[in-house]
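Q: Listed below, chain by chain, are the residues.
There are 2 protein chains.
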Amino acid sequence: MKSKQIEEGLQFTPKFNAEGLIPAIAQDAETGQVLMVAWMNREALDYTIATGRGTYFSRSRKKLWKKGEESGHIQQVQQILVDCDQDCLILKVTVDAGQCHVGYQSCFYRALKPGSDKDLELIAEKTYDPEATYKK
Amino acid sequence: MKSKQIEEGLQFTPKFNAEGLIPAIAQDAETGQVLMVAWMNREALDYTIATGRGTYFSRSRKKLWKKGEESGHIQQVQQILVDCDQDCLILKVTVDAGQCHVGYQSCFYRALKPGSDKDLELIAEKTYDPEATYKK
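Line by line, the protein sequences are chains A and B.
Residue -17 is where the first sequence starts when you use this note's numbering, and the numbers rise one by one after that.
Residue -17 is where the second sequence starts when you use this note's numbering, and the numbers rise one by one after that.
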C-alpha cells in the first residue's frame, strides 16, 4: 500500500513489526493521563476491537494478556487511535484506580527534568496495594 | 539490576532494545494530547536531557533527528517520565501548531470504535500546510 493511502486514507491497515507486534498506548479517556504502553499482536487487537476490552500480547509470558484478568484492573476501550504511518496505537480507556502492577495509577510515576543530574523523582503516590491484589 | 530496583528505585537506567532504541511518547505538557511516538538511541536521549530539545533517532534515515530541524516544529521538553520497567519514555513537551508531517497537530488524527466495522474516522483538522513547510 502506498504511503499516501496509509497516511491519508481511512482504511485501517495496522503495521505489525518483525515480531508481529504493534505498540499500544493506554490513555485515560477522561484525564488524558498515559497509563501504560504494551504490545499487541493481531489476535490481541482483533479481540480488543471485538470486545472493547483492552487486550495485549505479553512478551514475557508469550501469550494473550487480557488486562485485568489477574488484578481485576480491566480497561474499557472507548476509542482506538492510529498514527500517520499506522505503526502505533492509542487506546482511550476507562479504568478504575490502579493500572500499574507496582501499585500506581499509571506506569509513569517517575520523572526527570532536562538539565538535571539524571536522577529520577517520584511524581505519584500508590493507589492500591499490589501485594494484596496479586496474592489473592 | 534487580527488578525491584528498576521499578522502585530512583536511578535512571533506561532499557534500550536489541537495536539500541527505546520508544518515546511526545505528549503536550498543557493539553495532555499525545502528539507522536518515536524512538531514541542513547545519543538522542542524552542530547534531549542536555539541551531540553526533543531529539530522536530516525529509523528510516538511520541518524539523529532533532525534531523540527527541517519543519521548524520543535519540541521544548519540560519533563521526561519513565515507566515501571524503564523501557518506555514520555516527553512532556511545549510545541507550536503542527507536530505531524502530514499536517496535523498530532500524528493520531484517525480513530475507530470497538465493535465498529474497522474503518477509520477522521477526528482532527490540519493545522498547517506540510507542502509549504517541507518544500521551503
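Because the hints were derived from the structure by calculation, they are not lab data.
Certain hints may be false.
Stated by the list, open to error - Sample of chain A residues lacking proximity to chain B, with all beta carbon distances greater than 12 Å (derived):
| hint | residue |
| --- | --- |
| 1 | -10 |
| 2 | 28 |
| 3 | 46 |
| 4 | 85 |
| 5 | 92 |
Claimed, not checked - Only pairs whose alpha carbons sit at most 25 Å apart, straight line, appear in this in silico DMTMM-like list of lysine to aspartate or glutamate:
| hint | chain 1 | residue 1 | chain 2 | residue 2 |
| --- | --- | --- | --- | --- |
| 6 | A | 45 | A | -10 |
| 7 | A | 95 | B | 12 |
| 8 | A | 100 | B | 25 |
| 9 | A | -14 | B | 25 |
| 10 | B | 95 | B | 78 |
| 11 | A | -3 | B | 12 |
| 12 | A | -14 | A | 69 |
| 13 | B | 95 | A | 113 |
| 14 | B | -16 | A | 67 |
| 15 | A | -16 | B | 25 |
| 16 | B | -3 | B | 28 |
| 17 | B | 108 | A | 52 |
| 18 | A | -16 | B | 12 |
| 19 | B | -14 | A | 113 |
Stated by the list, open to error - For each label pair, taking beta carbons as the anchor points, the in silico distance ranges come out as:
| hint | chain 1 | residue 1 | chain 2 | residue 2 | range |
| --- | --- | --- | --- | --- | --- |
| 20 | A | 109 | B | 24 | 31 to 37 Å |
| 21 | A | 79 | B | 25 | 36 to 42 Å |
| 22 | A | 103 | B | 25 | 20 to 26 Å |
Computed from a predicted structure; not experimentally measured.
All C-beta atoms in this analysis are idealised placements derived from N, C-alpha and C, irrespective of residue type, glycine included.
Q: Hint by hint, which ones does this structure get wrong, listed from lowest number up?
A: Hint check: 1, 2, 4, 5, 6, 9, 10, 11, 13, 14, 15, 17 and 18 fail, others pass.
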